[in-house]
Amino acid sequence: MSLLKYPDTMNRKQLFEEFASGRGIGKIKLFSPILMHFAARHIDRSYAAFASDYRVLVEANIRAMGDFGMDMVSLISDPYRETAAFGARIEFPEEAVPRCIDKVIKSTDDIHSLKVPDVYKNERTLDRIKGAEEYSRILKGEVPVIGWIEGPLAEACDLAGVSEMLMMLMMDPDSSGLLLDKCTEMAKKFAAAQVEAGCDIIGMGDAVCSQVDPDTYSNFVMGRQREIISFIHGLGARVKLHICGDISHLLPLIKETGADIIDLDWQVSPGKATEILGHDTILCGNINPVLIQDKPPDEVFLLTEKLINENSDRKLIVSAGCEITVDTPAENLKAMARAAKSL
Amino acid sequence: MEHNEILEKIAYCIEFGKIDRNSPFPPNMKGQDGAGEYTRQALEKGIKARDVLNHGLMQGMDRVGRKFRDNKIFVPQVLMSAKAMNSSMEHLMPYFTSGEIRSRGKFIIGTVMGDLHDIGKNLVSMILKGNGWEVIDLGIDVGSDKFLEALEEHPGSVVGLSALLTTTMANMKETVEKIKGNNRDTCVAIGGAPVTQEFCEKIGADIYSPDPQGLVDHLDQRFSTG
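Protein chains in written order, with our numbering: chain A, 1 to 343; chain B, 344 to 569.
Source of the hints: derived by calculation from the structure; they are not laboratory data.
Quick caveat, the model's predicted, so the values are computed rather than measured.
Where hints are given, some of them may not hold.
Claimed, not checked - Below, computed lysine to any residue pairings styled on SDA-like, alpha-carbon distance capped at 25 Å:
(1) A:K13 - A:D280
(2) A:K106 - B:P369
(3) A:K255 - B:K415
(4) B:K545 - A:K13
(5) B:K415 - A:K295
(6) B:K373 - A:K295
(7) A:K334 - A:M10
(8) B:K388 - B:H398
(9) A:K295 - A:N309
(10) B:K410 - B:I349
Claimed, not checked - Far from chain B, some chain A residues (derived; all Cβ distances over 10 Å):
(11) A96
(12) D109
(13) L114
(14) E185
(15) D213
(16) G258
Even for Gly, the Cβ is constructed at its ideal location relative to N, Cα and C.
With the hints as constraints, model all of the structure from the sequences given.
Here is the structure:
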């Protein structure tokens, strides 16, 4: 737990609420890096086990929370939970990201016949829901739990292929819209199940959005993300939007989605993001994960300290720009945590 | 239509991703001829295939590469431009086969072992092709041995390694070492979201660029015949 002049009696959830309200600016710093493969290895389990068994994922995250002083836990594992529920076959290499081995959408007809699945009836989506329940059971609601869904464009790309989907946006707006609508519906259903199971925050990964222009984002994605976010707000949870890469060109539009927490990759300046998003939006980031992996712990400490000092007047959750890599030394993550706590 | 005018039409269609008459994109050019039709017309009018390549296709893709580098267009628009370029290229293939036009060189490309993300690799491939390079695309998740086999088949080629993930970026080092161990004169270019100039120097690669056009510029400098 990372706090200054705040009572030790506060649990992590209360601390987060205080932070989110803005009352903790300059006093509370939260530390919540994205851990997947790193967390699995930290407990000597394979990535395959982490992605396919909620018990491993939960154990890995809770252990990491304790060992690295993290303020939240997450259900993130890989992009293919919903894709599997839509019918794709997924492989689980022992020590690599799960692989989607076939495309569900190969033609316009496939889009029309695509059914939004029941998230409780597919092994992979159910596994994540069970993970949320397991967190609730163990943590008793005292730690913010971040559920996870794919954003509409990311899911459409998972189903159809990235190049194919991005070209479809240009060539066939109607079919693209239909597929994105189905992905939006899926995102809402999956989010609802995770909130029901105890998640306080839903992370929405729409990684590919940084690769599209503002008009395309505005015409096809922004409204659907806003619809999902508004729906989740209606369920009483917050939303963290994660888009990999440089999103500087999209920030004015992202503001319109109503996301509570925006992940910033290392290419995006938190100061400039605040100018556009305002002080109410919580930022999460944004040290380059390559530096966290490669630099010695004292340099990682200084990088984190610098980030905190430069953002002392805004709501910033200390994290890397993206996932902490599996080869990051544990001492480097501890150095980040120390910097977050010492200030 | 004058020769220069038709070549500019080809470049314009590629720049704006107009594939052919049937393509609905871009909406403001619906029903108009595209890169495919103009290329066919250019050749029928007797314009040399080499000039169509140099002053039509390459001109168009050069503009695309620069606009992409400057964030004036993004991946969907580049993909459409590449598709338009392919439509032109189909008409030029017989001239490559006959030797009437020659590529600027061969470029072997693939994502490194463990990396399944091909969008960056594909963008680089498209822009290189549009700039006159013959691209040998080994696909995704390519091990060092496969790069060496390709080099044996296409000696003197430049090799391009792509990685989107920090985790797979580490595999570039081994691949570069094997390629350089086999022939230290082989030029190796690397790219991808986590890659930096510092990393490029650290692993002994020759070229790093954050964007495809930068790679084209590097290759132009390195392999310019003056």
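Each hint tested on the structure:
Only pairs whose Cα atoms come within 25 Å are accepted, and K13 (chain A) paired with D280 (chain A) is accepted, the gap being roughly 18 Å. A threshold of 25 Å between alpha carbons decides the hint, and for K106 (chain A) with P369 (chain B) the separation of about 23 Å falls inside it, so the pair holds. Of the supplied pair hints, the one linking K255 (chain A) and K415 (chain B) holds, its CA atoms being roughly 21 Å apart against a limit of 25 Å. Proposed proximity of K545 (chain B) and K13 (chain A) is contradicted: the alpha carbons are some 43 Å apart, above 25 Å.
At roughly 34 Å between alpha-carbon atoms, K415 (chain B) and K295 (chain A) are farther apart than 25 Å, so this suggested pair is violated. For the suggested pair K373 (chain B) and K295 (chain A), the alpha carbons sit about 53 Å apart, so the restraint of at most 25 Å is broken. A hinted pair counts as satisfied when its Cα atoms are at most 25 Å apart, and K334 (chain A) with M10 (chain A) qualifies at roughly 22 Å. Using a Cα cut-off of 25 Å, the hinted pair K388 (chain B) and H398 (chain B) holds, with the two alpha carbons roughly 15 Å apart.
Using a Cα cut-off of 25 Å, the hinted pair K295 (chain A) and N309 (chain A) holds, with the two alpha carbons roughly 20 Å apart. Of the pairs offered as hints, the one joining K410 (chain B) and I349 (chain B) holds, with about 22 Å between alpha carbons and a cut-off of 25 Å not exceeded. Not every Cβ of chain B is farther than 10 Å from the Cβ of A96 (chain A); the closest lies at roughly 6 Å, contradicting the non-interface assignment. With a closest Cβ-Cβ approach of about 19 Å to chain B, D109 (chain A) is found to remain outside the 10 Å limit, as its non-interface label requires.
At roughly 22 Å from the closest C-beta of chain B, the C-beta of L114 (chain A) stays outside 10 Å, upholding its exclusion from the interface. With 10 Å as the threshold on Cβ separation, the claim that E185 (chain A) sits away from chain B holds: the shortest Cβ distance comes to roughly 23 Å. Its closest Cβ contact with chain B, about 4 Å, brings D213 (chain A) to no more than 10 Å, contrary to its assignment away from the interface. The claim that G258 (chain A) lies off the interface holds: its Cβ sits roughly 24 Å from the closest Cβ of chain B, which is beyond the 10 Å cut-off.
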